[in-house]
Amino acid sequence: MTHRPYTPWLFLAPGLAVCLLFVIFPFLNMIVLAFTDASALGGGEFTGVDNFVRMAQDPKFWAAARNSLLYMAGVVPPLVLLPLLIAMLAQKIVPGIGIFRTAFFTPVIASTVVVGLIWTWLLDSRGLVNNLVEALGGSRIGFLTDSTLLLISSMVVTIWRGLGYYMVIYLAALANVPKDLHEAAMVDGAGPVRRFWSVTVPSIRPTMVLVAALSAVNGFRVFSEIYLLSGGSGGPGGASTTLVMLIQSVGRGLTGEVGYASALSIVLFVILLGLLLVTLKLNRREDRL
Amino acid sequence: MKRRTFLAGLAAVPVAGCGLSGTSNTAAGGNGQVTGEITFQTWSLKPKYTDYVNGVVDAFQKQHQGTSVKWVDQPADGYLAKVMADASAGSLPDVINVPPDLSFPLAKAGQLVNLDESLRDAKAEYLQNAWQAFEIPGKGGCYGFPWYLNTGPIFYNKALFSQAGLDPDKPPTNFKELEEQALKLAAKKIAILGQTPSIADFGLYGVKLFENDKFTFNEPKGVEFVESYKRMYDAGALIPEALTQNYTGAGAKFMAQQTALNPGSAYDLGKFKTDAPSLYANIGITTPITNTGSANMFLHGVSVPKSSKNQATALAFGRFVTNAENQVKFAKLASIFPSTSKGGDDPYFTTEDGTDEARVRVAAAKQLKTAVNYTPVQFSDQMREALLQQLADAMLGKKSPKQALDDAVAECNRLLK
Chain A
1 MTHRPYTPWL FLAPGLAVCL LFVIFPFLNM IVLAFTDASA LGGGEFTGVD
51 NFVRMAQDPK FWAAARNSLL YMAGVVPPLV LLPLLIAMLA QKIVPGIGIF
101 RTAFFTPVIA STVVVGLIWT WLLDSRGLVN NLVEALGGSR IGFLTDSTLL
151 LISSMVVTIW RGLGYYMVIY LAALANVPKD LHEAAMVDGA GPVRRFWSVT
201 VPSIRPTMVL VAALSAVNGF RVFSEIYLLS GGSGGPGGAS TTLVMLIQSV
251 GRGLTGEVGY ASALSIVLFV ILLGLLLVTL KLNRREDRL
Chain B
1001 MKRRTFLAGL AAVPVAGCGL SGTSNTAAGG NGQVTGEITF QTWSLKPKYT
1051 DYVNGVVDAF QKQHQGTSVK WVDQPADGYL AKVMADASAG SLPDVINVPP
1101 DLSFPLAKAG QLVNLDESLR DAKAEYLQNA WQAFEIPGKG GCYGFPWYLN
1151 TGPIFYNKAL FSQAGLDPDK PPTNFKELEE QALKLAAKKI AILGQTPSIA
1201 DFGLYGVKLF ENDKFTFNEP KGVEFVESYK RMYDAGALIP EALTQNYTGA
1251 GAKFMAQQTA LNPGSAYDLG KFKTDAPSLY ANIGITTPIT NTGSANMFLH
1301 GVSVPKSSKN QATALAFGRF VTNAENQVKF AKLASIFPST SKGGDDPYFT
1351 TEDGTDEARV RVAAAKQLKT AVNYTPVQFS DQMREALLQQ LADAMLGKKS
1401 PKQALDDAVA ECNRLLK
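Respectively, the protein sequence lines represent chains A and B. Just so we're aligned, residue 1 is where the first sequence starts under this note's numbering, counting upward by one. Just so we're aligned, residue 1001 is where the second sequence starts under this note's numbering, counting upward by one.
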């Protein structure tokens, strides 16, 4: 067998070409555009750091960044813990467990738009939930018309959709926890709660960190849930707009401010990169301990 | 959003018949030979109007031997993105279906052919208000052949009006009556409206929207209008979703009988009949609520980009598609109206046959003669969003109506630059 030095590149070429064309080039283009006043129809002129100065003074940016952070803080803890508990239940081999596993996983494969419509019907001022509340003697709740409740409602949808996905990740991790550890703990008299904290959690901690990182990134980048539940408006007065929604709103259409939207995208990228680096560092520290 | 609904509605109307003759009186446009291949892009006309458009294309090719028209239909979702991508790349199709607010940024960027220069005699063939809709205000030039038009009657729920003790045969005709009746309905816990006012509603109220290259809807009349809405909102005359609602959402609320009144189009009547029969049984139809005497008009057109390599053929085809004969045929298939000066004279638009559909159609056709496209062509999607957000803040009492309008106007003027 003769080794041709270019052979590996031939295999890599299609993937690299796609990556260059659809990831690297647009990314570099975005960086360039962020320093211009480009619109959808024009290349724009170099404006230095004007877009970033404008961002610092733009109350919409700060409100959107705050909403994205709140969103992340609201969805990460439930998405780290709830799927783990569900995975521990779904892990049991009992008759009909497949139905439960499927039921929990269904929201993951459901179309986002369909999910949004279903939840809109449920939470609308005349929706199922409000009709129930009224029938029980309460007054209607503005799940979709109050900016705070809209954020919380969207978080519930994100958590509901994420349960099945993270459950599958946890199921794989739980399958790798050695049974003898549990048996040894039982012999030593440890109950289910003690075994959960002292055996299960330490064994799957890297997976928990991974789930936290993934859900944090997805939470910070949230778009579909709020967009669909608010009918694309970002809530009354746009008060529930998140960072990704703001980017879409600023940059869309023929009159979109592509330069400013690119600058916002860079800031989003830097924040997400920071989040991932922190997670990576935490994970390494855990490994060393 | 209104644009989308209008089109979605158009796409949903069943085709009653098709087939066109191969004759036309269209003259060739622009300089140069009408020959060669062009691409014609439409907005969500397949599959309902496939036969109609193919018929128009065949007729044009027959009339102009040596031409070939490639028809491309784009779905409504993502249409704007598609136009944007093509415009950025300088590869717009030769003839493109665009409403005025989409033609404006393209024309402003110098990407569309000025019909006033290329086809000086074309203007007379169209309704003047429709032609003006494709002009750049203050700068002259027309950048699109007006195509199909629509205007809305107002639909109202007679049963809900009766429930509130109102005369179901006397719906509001102006904004003063609207508020009076809205407050009476609200006292019985019935909401009248499903959305806050659009920029066109400000126009219908009589507010000056745009003057001397600036938005001006924060003038005292505009503030008075928002104050009226604030009183209605506080009384519960608007549903809570009104603060975030778009046109489609408000229509759905009216169909679900959660609101008592909604602007619509001739197409909506058929939708009520099939999708909301209990509403249809109580439906009231009236003229648009206006303080100016003129209804609002929605329209679409076809433009020819300067980048077209076959401009003469593209212009001739654009004029052919939008000529009186082709427009009338199209209007008879869908619940729309022709934008040509002679199209509206067809008995189909002037004679009633006793059905509700014909009544709405004849009334709308009559309305269109004086209708105005109130939405300034400069009013972009971002501006619409800014107005919606500021109005929501005004309704919630976070800002005074004056402050909210000042902020909305400031943002719109910033976006103009």
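FYI, nobody ran anything at the bench for these hints, they're computed from the structure. The structure presented is a predicted model; accordingly, all values stated were derived computationally and were not measured. We put the CB at the ideal spot given by N, CA and C, even for glycine. You may find that some hints are simply not true.
A short list of chain A residues far from chain B (calculated; beta carbon distances all over 12 Å) [said to hold, decoys possible]:
1) H3
2) G15
3) V32
4) K60
5) A135
6) G142
7) L150
8) V199
9) R284
Capping the alpha-carbon separation at 27 Å, the derived lysine-lysine pairs in BS3-like fashion look like this [to be verified]:
10) B/K1046 <-> B/K1082
11) B/K1402 <-> B/K1208
12) A/K60 <-> A/K179
13) B/K1402 <-> A/K60
14) A/K60 <-> B/K1214
15) B/K1366 <-> B/K1176
16) B/K1230 <-> B/K1398
17) B/K1123 <-> B/K1399
18) B/K1402 <-> B/K1184
19) B/K1082 <-> B/K1062
20) B/K1309 <-> A/K60
21) B/K1230 <-> B/K1184
22) B/K1366 <-> B/K1123
23) B/K1108 <-> B/K1417
24) A/K60 <-> B/K1398
25) B/K1417 <-> A/K60
26) B/K1417 <-> B/K1062
27) B/K1123 <-> A/K60
Now the hints, each set against the structure:
Remark: the non-interface label on A/H3 is consistent with the geometry, its nearest Cβ contact in chain B lying 43 Å away (cut-off 12 Å). Its beta-carbon lying about 25 Å from the closest one in chain B, A/G15 satisfies the requirement of being farther than 12 Å from that chain. With a least beta-carbon separation of about 15 Å from chain B, A/V32 lies farther than 12 Å from that chain, consistent with its non-interface assignment. Against chain B, the non-interface label of A/K60 is violated: not every CB pair exceeds 12 Å, the least being about 9 Å.
No beta-carbon of chain B comes within 12 Å of the beta-carbon of A/A135; the shortest separation is about 16 Å. Not every beta carbon of chain B lies more than 12 Å from that of A/G142, the smallest distance being close to 6 Å; the non-interface claim is violated. The Cβ of A/L150 does not lie farther than 12 Å from every Cβ of chain B; its closest approach is about 9 Å, which violates its non-interface assignment. At the 12 Å boundary, the C-beta of A/V199 stays outside the reach of chain B, the nearest C-beta of that chain being 49 Å off.
No beta-carbon of chain B comes within 12 Å of the beta-carbon of A/R284; the shortest separation is about 42 Å. For the given pair, B/K1046 sits about 16 Å from B/K1082 by alpha-carbon distance, which is consistent with the 27 Å threshold. Annotation: proposed proximity of B/K1402 to B/K1208 holds, straight-line Cα distance about 15 Å (limit 27 Å). About 53 Å separates the Cα atoms of A/K60 and A/K179, which puts this hinted pair outside 27 Å; it is violated.
The suggested pairing of B/K1402 with A/K60 holds, with an alpha-carbon distance near 20 Å, which does not exceed 27 Å. Among the hinted pairs, A/K60 with B/K1214 is consistent with the structure: their alpha-carbon atoms are about 23 Å apart, no more than 27 Å. Distance restraint check for B/K1366 and B/K1176: the Cα-Cα separation of roughly 24 Å lies within the 27 Å cut-off, and the hinted pair is therefore satisfied. At roughly 12 Å between alpha-carbon atoms, B/K1230 and B/K1398 fall within 27 Å of each other, so this suggested pair holds.
Taking the CA atoms of B/K1123 and B/K1399, the gap is near 45 Å; set against the 27 Å cutoff, the hint is violated. Taken as a hint, the B/K1402 and B/K1184 pair is honoured in the structure, with Cα atoms around 26 Å apart against an allowance of 27 Å. Proximity of B/K1082 to B/K1062 is assessed by CA-CA distance (about 30 Å); at most 27 Å being required, the pair is judged violated. Restraint check for B/K1309 and A/K60: the C-alpha separation of about 44 Å exceeds 27 Å, so the hint is violated.
For a cut-off of 27 Å, the pair hint linking B/K1230 to B/K1184 stands: about 15 Å separates their Cα positions. Between B/K1366 and B/K1123, the direct Cα distance comes to roughly 21 Å. Compliance with the 27 Å bound is thereby established for this hinted pair. For the hint pairing B/K1108 with B/K1417, the CA-to-CA distance comes to about 11 Å; that is within 27 Å, so the pair holds. Using a Cα cut-off of 27 Å, the hinted pair A/K60 and B/K1398 holds, with the two alpha carbons roughly 16 Å apart.
Between the alpha carbons of B/K1417 and A/K60 the distance comes to roughly 19 Å, so the proposed pair stays at or under 27 Å and holds. Distance hint between B/K1417 and B/K1062 is unfulfilled; the C-alpha atoms sit about 46 Å from each other, more than 27 Å. With a C-alpha separation of about 44 Å, the suggested pair B/K1123 and A/K60 falls outside the 27 Å cut-off, and the hint is violated.
In this structure, the hints that do not hold are numbers 4, 6, 7, 12, 17, 19, 20, 26, 27, in rising order.
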